[in-house]
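Asks: If you want the building blocks of each chain, they are given just below.
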Amino acid sequence: MKQPKILFLVIIALLPLILVSCISGGAQSARGWSGTAVHDGIIYVGTVDGRVVAINSSTGNLEWSYSIAPVTAPSSGFSCGQTSAPTAIYDTPVVDRDIVYIGTYNGQVLALNMLARSQNLSFPQKRYGEWEWDCPIENARSNAIVADLLVKDAIYVSSSNGRVYSLDKEFGDEKWESNISDEKLWTSPKIQSDTLYVSTFDGHIYALSAETGKLLDWSFKSQAGFASSPVIYEDIIYVGSFDRYLYAVEIGSAEPEWRFPQEKPAGNWFWASPIVNEGIVYAGCLDGRVYAIEAKTGEKLWEFDAGNSIVSSPVLMDNLLIVTDESGTVYVFDLSAELANEGVPWRTIPIGADVRSSFCAQEGLVYIRGEDNQLYVVDIDMGGVSWKVNLTIEE
Amino acid sequence: MSFLDVWYLIIGNPVLNVLIALSHLLSGSFGLAIIALTIIVRLISWPLTKRQLNSSRALQDMQPKIQELQKKYGKNKQKLQQEMTKLYKEAGINPLGCLWPMLVQFPIWIALYQAIMRAMATTPENLLDLAQRLYSWDIVNQAIPLSSKFLWLDLGQPDPYFILAIIVGGTMWIQQKMTQAPAVDPRQASTSRMMLLMMPLMFGFLTLMFPSGLALYWAVSNIIGIITQYFVTGGWGYLKFRSPSQST
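If you're matching them up, the sequences are chains A and B in order.
Every position in the first sequence, counted from 1, becomes a number in the numbering used here once 1 is added.
Every position in the second sequence, counted from 1, becomes a number in the numbering used here once 1219 is added.
Chain A extracted, bound-state conformation (with noise of 0.2 Å):
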């Protein structure tokens, strides 16, 4: 009988092609794209696999590395039982004296003593203030930590399972847990006058209690979600949408003081936080620009088309500000010149590495960390890669 023969075949044609629907168009797997920070010398950066690491700045030497434990999931499409995983790192670590933090998309966060690492001893060394925080909810991938905010005595931390933590600086331990979406949270709270103020996926802000984690009275509804992380300044929460637009929220106000661009909105998202500076906004965005706006106004003052992506929120350092867009163009504009008025980049150094993580600028020079988990340090003044090294450990 030739239907019975035909639909084996069919059924056989059907597997490989779902199979390559599941190679060539299904999820991307977590890679990561942890930010760089530098403190007394030293650089520390999230890597490609699942390593902490301190890079001396002056030599470019390894100072110490630290690997997090793989995570273990159950696997999809076709093949089965469970996968082994190196943990992605999307913060940026965060350094206050001799300790380092940061958060997983596991869902810990770590504080690394810098001398128990650099003598590769056992973690955590609890002599040593180290800690290792595990969020509390079972399904691991639901509490990823994308962003955390460091503040006197206290951590607070964002988990994709909807929730705000406070842990205690110290000791890790967990000061008050705050169930404030059903949606992810993979931006980064801020603080201001003891309150915390986090933007959601949902289009809300929402303003916590910094001691309690209680939410205050005043929370702002957008019709659309809200992809960056909110910035304060003078009262003012600025912060990118799913929408196009970059919102303008006084706070304790229910209507947006102003939302950019003022008529049709921009070419994509403003994912990436914005920046300001004595009174503008410097916003970059996924369509490929950057935009100085005034803060008060929500007027444009000037726009630059990078022509790449911009997911990495710009810096400034001194009277520079740095953005660099998706492809690795680092593009520097002296605020102090005349020409950055009319949105014309001083400096604009390509490093030949994709670029989507958070990066640091310190004494003339850029720290980046390249889609190739190699990390980059751009000299300013020189105008390209100063020197350049390879976060994968050789086997």
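To be clear, the hints were calculated from the coordinates, so they are not data collected in a lab.
Do not take every clue at face value.
What the hints assert, rightly or not - Once the Cα atoms are required to be at most 30 Å apart in a straight line, the calculated DSS-like pairs of lysine-lysine come out as:
(1) A:Lys-222 to B:Lys-1368
(2) B:Lys-1305 to B:Lys-1269
(3) A:Lys-265 to A:Lys-297
(4) B:Lys-1308 to B:Lys-1284
(5) B:Lys-1396 to B:Lys-1308
(6) A:Lys-215 to B:Lys-1368
Fit chain B to the given chain A structure using the hints.
Replies: Just chain B, lined up with the frame of chain A:
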């Protein structure tokens, strides 16, 4: 332009954007959007489905003649095949016509799988990638990000309770049983029975492996198929039919 670029331009991105737009129209429910898309796909493929159902109905009507031929030429398979082909030709039936609606749906399945994984944005990389694939329609951008919750399901993950696997397998079995003509020859009957079980089992298994959003599409598609078959062919078809080998 590579094959993948063409694929996303013509099928992948339109399915993704339509799905997200439907989700916004249906109170932000991605599950309802998948159901609505299933209905749209079934409506688009209706001419093919109708042809398939008509073939199925004609095959059903021809059963006495087919059984007669099977009895007459049961031992001479080549002759039986020739006579069957002649019979189909005379009646203007293509017995493989039932495969076309399924083949048409293959690209939709793949696009839907990709759309679900992308729209659910289970990782920050996926969410960033999604930004590059969305149209500038307000209705699409206001729907982002989507909620993956629907009934007991997380549409981006397989159903952990096996309920959807049973529904997908069960409805597929019923749908196939309604159209698959029983064979007289015991060996053929055994092959038919195996095939009747194989597809539902395979799709039940796939349901355990793939996001439940895709399985929801399969389940709804099967249910619509059963309903349309019931009304077009005027009943449960071969579901209530006892093959001669069973009756003897």
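Asks: If a hint holds in the structure, say so; if it does not, say that too.
Replies: Tested hints:
1. Straight-line distance between C-alpha atoms of Lys-222 of chain A and Lys-1368 of chain B comes to about 21 Å, which keeps the hinted pair within the 30 Å bound.
2. In summary, the hint linking Lys-1305 of chain B to Lys-1269 of chain B is supported, as the alpha carbons are separated by about 23 Å, within the 30 Å threshold.
3. For the proposed pair Lys-265 of chain A and Lys-297 of chain A, the alpha carbon gap of about 20 Å is at most 30 Å, so the pair holds.
4. Between the alpha carbons of Lys-1308 of chain B and Lys-1284 of chain B the distance comes to roughly 14 Å, so the proposed pair stays at or under 30 Å and holds.
5. Between the alpha carbons of Lys-1396 of chain B and Lys-1308 of chain B the distance comes to roughly 24 Å, so the proposed pair stays at or under 30 Å and holds.
6. For the hint linking Lys-215 of chain A to Lys-1368 of chain B, the alpha-carbon distance of about 26 Å falls within 30 Å, and the restraint holds.
In this structure, every one of the numbered hints holds.
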